[in-house]
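S.K.: Note that the protein sequences, when read in sequence, are chains A and B.
Going by this note's numbering, the first sequence opens with residue 1, and the numbers climb by one from there.
Going by this note's numbering, the second sequence opens with residue 665, and the numbers climb by one from there.
Certain hints may be false.
For each label pair, taking beta carbons as the anchor points, the in silico distance ranges come out as [what the hints assert, rightly or not]:
(1) A:557 <-> B:676: 28 to 38 Å
(2) A:524 <-> B:709: 28 to 38 Å
(3) A:590 <-> B:917: 24 to 34 Å
(4) B:676 <-> A:552: 30 to 40 Å
(5) B:859 <-> A:552: 20 to 30 Å
(6) B:917 <-> A:535: 28 to 38 Å
(7) A:620 <-> B:859: 42 to 52 Å
With a straight-line Cα cutoff of 20 Å, these simulated EDC-like cross-link-like pairs (lysine to aspartate or glutamate) come out [stated by the list, open to error]:
(8) A:25 <-> A:154
(9) A:493 <-> A:154
(10) A:375 <-> A:465
(11) A:493 <-> B:752
(12) A:162 <-> A:611
(13) A:565 <-> B:862
I should point out that these hints are in silico values taken from the structure, not numbers from a laboratory.
Since we're looking at a predicted model, the values are computed, not measured.
Ideal placement from N, C-alpha and C gives every residue a C-beta, glycine not left out.
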Amino acid sequence: MFSTVTFLIILLLTLLVFAIPKPLKYHYTLGLLVAGTALTTAWSISVLTGTEILKEIPLFTPAAGSRFVLVIDPLSAFFILVINITVLIGFLYARGYLAPYGQRMNALRFSIHYFSYLWLWLSMLMVVMIRDGLPFLIVWEIMALSSFFLVIFDAEERSIMKTGISYLIQMHVGMFFILVAFLLLQNETGKMSFDALGEYFSVHRNLPLFLLFFAGFAIKAGFIPLHTWLPEAHPAAPSHVSGVMSGVMIKMGIYGILRVLIPMQSDLLETGVIILVVSLISGIMGVMMAIVQHDLKRLLAYHSIENIGIIGIGLGLGVIGQALGNPALALLGFSGGILHILNHSLFKSLLFFNAGSVYHATHTRNMEQLGGVMKRMPWTAMLFLTGSLAICGLPPFNGFISEYLIYMGMFNSLSGATLFHSIMIVGSVASLSLIGGLAIFCFTKAFGVVFLGEPRSEAARHAGEVSGSMIIPQLFTVALILLIGLGSPLVVKPVFNIVTRAWNLGGQPMITGAFTSNLSQISIAGGVFVVTLAVLLLYRRYHLSRRNVTAGPTWGCGYTAVTAKQQYTATSFAYNYNHLAKPVLQTRKEIDEIGESEIFPRRRKFVSHSDDLFRKYLIDRPVDLVAGLLKRIAVMQTGQIRHYILYAFVFMLLVLLLAMFNIL
Amino acid sequence: MAGFILIVVAAFFFPGIILRTKSLASGRKGPGIFQPLKDIVVLFRKGSVFSNTTGIIFRIAPSVTLATVSGAMLLLPFAEQKAVISFEGDFIFFAYLLALGKFFTIIAALDTGSSFEGMGASREALFSMLVEPAFFVLLATFAMFTGYTSFSVIFNHFYVTGNDYVLIYSIIGAYLFVQIAMVENSRLPVDDPKTHLELTMIHEVMILDYSGFDKALIHIGTYLKFAIYGSLIYNLVVPAGWNIMLQIGLFVAVQGLFAVVIGFTESFRARNKMNKNPKFILTLSAIALIAFIVILILTDKLA
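Make the full structure from the sequences, and use the hints.
M.R.: What follows is the structure, encoded as structure tokens:
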């Protein structure tokens, strides 16, 4: 009862954001966030620690059949934690980020922004807690709407509004699939709820319903080829929102997929292979397209697609493990995927926040305009570097742990596998390692070009460090990243628990036990590395203090008038790669060649641009085709009343004729 | 622990043997076998010059790289002895740890703001990305073949699987390790450490601005990396159960032979054209896939 009332009060209090005076709005919103976070985190911890196995909190029952009941099982509890961490840190960061907007925007815009932020958070919390179809669809819709309002916060530019609208449309296409899936469920079982899935799956074929749900949820998650909203919406949104959207909101799609996967009983192998293949494509294509981006936030957005791919690889392997009766593969695959959800929410939000800080300080997201930012913004640079290393899956950071679990699932299932299975697994191993390599390529480029070298523009030259209020909250994220990276058993054990309880893999103490010992070995190895590094650096300091250390210019091969423009740019860094990836990426170049008669060449410009092929061929082309067709039909719309009467007459004549010949 | 110490010892001689082989093959008198070590001692004695453009990344990168290499060494077994740190999937840690070192080498090159070093960084990033799948596919096939997933256990069980064709397998594996080592250490035919033109360098151009202590660390890291790959090859070709003294002798022989092979390759082979390199490196992944198919046939999965 207490829980119900408190939660409802928080929901109602969000409305007051509009009434609070402008200077206090932020603090009021923060207060609500903290209160709600404390409440829901307490719920989630009580479920995760096992004091309550399943928590039910009835909210209200508006009409027969649809109940607003919050149900928290371990999986929901896990997602609650993921949501709360990133949303809270994002909002603490937002204070500094939003400060420059204070003068430009009126109180109403801020109210709408904070209100939407609160509701994005609340709707995500409810998405992971509500089981019944109709309430679920309502909060799902609220999530789409509130994020839409957040994306268009900065909508002085037309392009942002356009992006927002396209985002909204795509979200509704996804929602349509989920709605149809729920209706199908209602039709067959009489219940419109995730709880009815088990009943449905035990009687009917599993794959078609799964595919319907998958299509709907995959749009939210951003699996290729359903990702096209993602690289547009993330860069358009303010950075704290991009961090939350990319770090948490797209995971709601994964949550939906998990909810449907858990009760599945047949067609598992097909399902697993479908998820795996889609995920491999998302992983590889996501990072391949990320490398060629010039816009820092767009690069990160494409990277989200890659990471959703890695999560999907884990889940796909898990399902295949279930299908093959290989509990080790199931456990490791699911756990790797689920842990990567948490990991990605940490490092991706960190990266987006710091990309935002760079934008805040330089007013550009174009990497070719940046450079040398590390000297001017050392904290931001170190935070971004931590995020980069973590996202590349490098030890001793957290990304390594989830990728390790997924790899281990693959390697452990190899011996004694069938031909088909071995080929599939080795293909996945090769792809995952390629994804890792590409990620390193991508982030050495992003970090190197933005933060290192000489500034490529005046804006970058005059950048200054952002305020402490934007940096300090992120230190908490860094602490979590290092905690998972160096103390992995602490975090992996609960994740193992969630998986074994959700999929009834129970009684796998052997595997989980062996794995915890492996993980503690990783912690030791990571620790040894950190200590070695520390000793080396300390010795280096001592050593250099006794030597003659001087400063000089960078070696220019004898050329002394080097300028910042001669540095390697993001484009030139990716040039070799571009050459190799040409068949897949199709980079366009626009340049007018220097003519033979042109003795003194004029000023000219060179533009290179990489299209998103999926967007081009799957969305733009068909839409253009339909639009073209409709345009031709539009000839009939003359605006003259006599023509319309003629159409009516022709129609009636047609009906008459058809009736006469008994065709109708 | 024995593996760790032996790798360090091998690293002392490795670069000298390569150098000596090259000088003999080209008919020069050449420097002594300890010349590379003497160079390092000289570097340690010297002061350092840092570019004004560079920041902390440039300064910590060599230490990070050396720390990753020494971390990776702890994972390698010798004969029947387990590695210092050994767990299931340790080779994943091994590969990713070395990648961490590479990450820092690359961003350190970008830290100098030099177009040459940016060029080297871009090439190194591309080539090391392409070689990654070869290593993982090879290890996946080992895992499939032996049923284990840790360096120590894989190598211990390599020759006791009772499979008569294991020799074919270890030869393909050894060949691949040699090639991967050449790419990872930026040697011929992918990169030429002795080239004198910045435009044609890969690894060398990335470390142009280093001097003194940091440069010495980079060299030590490279030598250790050679010995690491030598040790992997050794573990692959020599059954773990043999007498320990014999093993030590063979270890020295394999490492020496590996160095001589590198020396001869570098003496008689020209470097690839830069844009042929990706193809060359991808070929390694293809060979690894062939090894995988061979193992499928050997284990009767593919009739």
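S.K.: A separate judgement is required for each hint: does it hold in the structure or not?
M.R.: Quick rundown of the hints versus the structure:
Between residue 557 of chain A and residue 676 of chain B the CB atoms are about 34 Å apart, so this pair conforms to the stated range of 28 to 38 Å. Range check, residue 524 of chain A to residue 709 of chain B: about 36 Å between beta-carbon atoms, so the 28 to 38 Å window is met. At roughly 60 Å, the beta-carbon separation of residue 590 of chain A and residue 917 of chain B lies outside the given 24 to 34 Å, and the hint is violated. One distance hint, 30 to 40 Å for the beta-carbon pair residue 676 of chain B and residue 552 of chain A, holds here, with the actual separation near 33 Å.
Checked against the hint of 20 to 30 Å, the pair residue 859 of chain B and residue 552 of chain A passes, with Cβ atoms roughly 24 Å apart. Checked against the hint of 28 to 38 Å, the C-beta distance between residue 917 of chain B and residue 535 of chain A comes to roughly 34 Å, which is consistent with it. Roughly 46 Å separates the CB atoms of residue 620 of chain A and residue 859 of chain B, a value that falls within the hinted 42 to 52 Å. Restraint check: the Cα-Cα separation between residue 25 of chain A and residue 154 of chain A comes to about 18 Å, which is no more than 20 Å; the hinted pair holds.
Among the hinted pairs, residue 493 of chain A with residue 154 of chain A is inconsistent with the structure: their alpha-carbon atoms are about 42 Å apart, more than 20 Å. Under the criterion of a C-alpha separation no larger than 20 Å, the hint pairing residue 375 of chain A with residue 465 of chain A is consistent with the structure, at around 9 Å. At most 20 Å may separate the alpha-carbon atoms for a hinted pair to count; residue 493 of chain A and residue 752 of chain B meet this at roughly 17 Å. With a C-alpha separation of about 18 Å, the suggested pair residue 162 of chain A and residue 611 of chain A falls inside the 20 Å cut-off, and the hint holds.
For the suggested pair residue 565 of chain A and residue 862 of chain B, the alpha carbons sit about 19 Å apart, so the restraint of at most 20 Å is met.
Of the hints listed earlier, those the structure fails to meet are numbers 3 and 9, in rising order.
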